[in-house]
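Peer 1: Chains A and B are the protein sequences, given in the same order. Counting in the working numbering, the first sequence runs from 3 upward without gaps. Counting in the working numbering, the second sequence runs from 3 upward without gaps.
For the record, the hints were derived by calculation from the structure and aren't laboratory data. Errors might be hidden in some of the hints.
Since the list gives no way to pick one copy over another, a pair counts as held whenever it fits inside one copy or between any two copies.
Claimed, not checked - The calculated lysine to aspartate or glutamate pairs, modelled on EDC-like cross-linking and capped at a C-alpha distance of 16 Å, are:
1. 61 <-> 337
2. 61 <-> 331
3. 205 <-> 79
Here the structure is a predicted model, which is why all the values come from computation and not from measurement.
Number of protein chains: 2
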Amino acid sequence: MTKTPPPVILTGDRTTGPLHLGHYAGSLQNRVALQHTHEQYLLLADSQALTDNAHDPEKVRRNVFEVALDYLAVGVDPAVSTICVQSLLPALAELTLLYLNFVSLARLERNPTIKDEIRARGFDRDIPAGFLCYPAAQAADITAFKATLVPVGEDQAPIIEQTNEIVRRLNRQIGRDVLLEARALIPRVGRLPGVDGRSKMSKSQGNAIPLSASDGEIEEAVRRMYTDPGHLRASDPGRVEGNVVFTYLDAFDDDREAVAHLKARYQRGGLGDMALKSRLTDVLKALLGPIRERRSELKRDPDFVMDVLRKGTRKAQNLTAETMAEVREALGLFDLRAS
Amino acid sequence: MTKTPPPVILTGDRTTGPLHLGHYAGSLQNRVALQHTHEQYLLLADSQALTDNAHDPEKVRRNVFEVALDYLAVGVDPAVSTICVQSLLPALAELTLLYLNFVSLARLERNPTIKDEIRARGFDRDIPAGFLCYPAAQAADITAFKATLVPVGEDQAPIIEQTNEIVRRLNRQIGRDVLLEARALIPRVGRLPGVDGRSKMSKSQGNAIPLSASDGEIEEAVRRMYTDPGHLRASDPGRVEGNVVFTYLDAFDDDREAVAHLKARYQRGGLGDMALKSRLTDVLKALLGPIRERRSELKRDPDFVMDVLRKGTRKAQNLTAETMAEVREALGLFDLRAS
């Protein structure tokens, strides 16, 4: 009996800043859980980060290392997961350029994710061409690794649809399935709100708790956390929905029963924000303490981290170059070995 | 005394069909002349050909070899000129993707060459994204080879302007001249008209004389060549301007004095089209005969041709990868060698 090879997951992060609790809840936790049952590739997406940070490559460079630290600190195990640097994989650039010939400008402009992000960044027609092209680059990433599962937020699902369109178009032209379709793995837990209650935790909005937060920073962040503005005295009944402290407890407190009791007491009246926040502070300290410690240990051993990146990138170089060669051959591009 | 290195020329052709007399007059002749005083790279531009031929990669592949045959047949000497295959140079794809971050969508759309070609091909918004992006790809080609001279037709001059904009933007950001600006080398002779008198000789228009034309094909092409529709009898005065036979004689007949005499006689009256065409037929047979012969010799020795392409492509791979590494370092992208 031959063993079925494990499904391949491609995931990763733009290297524009260190990761935070939102990443932990939305993706990092999952990666640590999935790495033993799946073949997992983590892409340090510095090329993609450059599509809207070309003016600041230093930030993008520096954060390749920082994000790698985050991965290792939360428990991504380089013995089973492959961590690699996107800009050092030339086959991804080759596949991207090739795929751009199979996508119309109109189709890229119609992509809802791109549309939203163009709006959010205030780009309009001044959008860098590379930014507009990034759905083709993501199709290259996904297919180069032969990934069939791509963990993404719901808002990124159109990227997977765009990838599969390219895959189908190439496979149809070639006449066999050289490329694999992928499907989005939408995380069970929704997106973690920022400490201010805004929908998205984000460093640039100043509402994030970084994975490297100290105990003091955790206390401070929880202290200013958004609860129920109508809940003025401990004895008042309070709202649980939209109360960030409860959202975080739901996400990180393993004692589900205790959280259920707290919710009931809060809604009835008789539980003050201070007591509630004190519990969350303890939970987050217990969660982030070991991550922070591991992170600073790793930071003191850059050789180890660089070695992980070297090995992972080399493995990814081989794998993605192999895919590019298969696509070249299947499409019938010029081959110097022939005669 | 150290020798100043010769200026670097980058030139090449999209591999969509074998070359014809128009290419010979407009560029091939020049390349043969320039190769001894310049460092010359000839790019078999199969990646660029795919930007509007993604549906027919077989045509693009086949013509890599055909165009290489044309180069060698007209006298491009692989001992001094480097002939290489574009799609086998991953650094060009890497540089293209990088440059796309430094060009806005609006700027690409404003490019007059792109605008004309979109119109000519009837693309509109259905334009393949890769086609829209090709000015960035040409900037990658030119800068990767550190070329400072790029022989192009007048209609392609905006591509050089776009390249130099990218060069200046990167150099400014980096703070030193890592990339070189290039200038267009506009050929002295204008574009050769088709045998039907239309402005451009083109295989797809059916008005071209291929470099591999047989004597019979040359005779036939000259027979149906556009002269002066008002010149009915040999004794009538005829027009020289717009008369394709004279345009070709100007381009290919080395006996300038004899051509001047013929023009005078034709204008005065007393020289028939038959006699005139007979001279051009002889001139073209003398020009194309040896090219055709050399071409068919080379076609019988594909190993030699493939070896030229292997060596040229390997040299170009090293050179372009070196440029990519310099740009990476200058921009400060992530480096696995650091720690």
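Peer 1: Quick check: which numbered hints come out false for this structure?
Peer 2: 3
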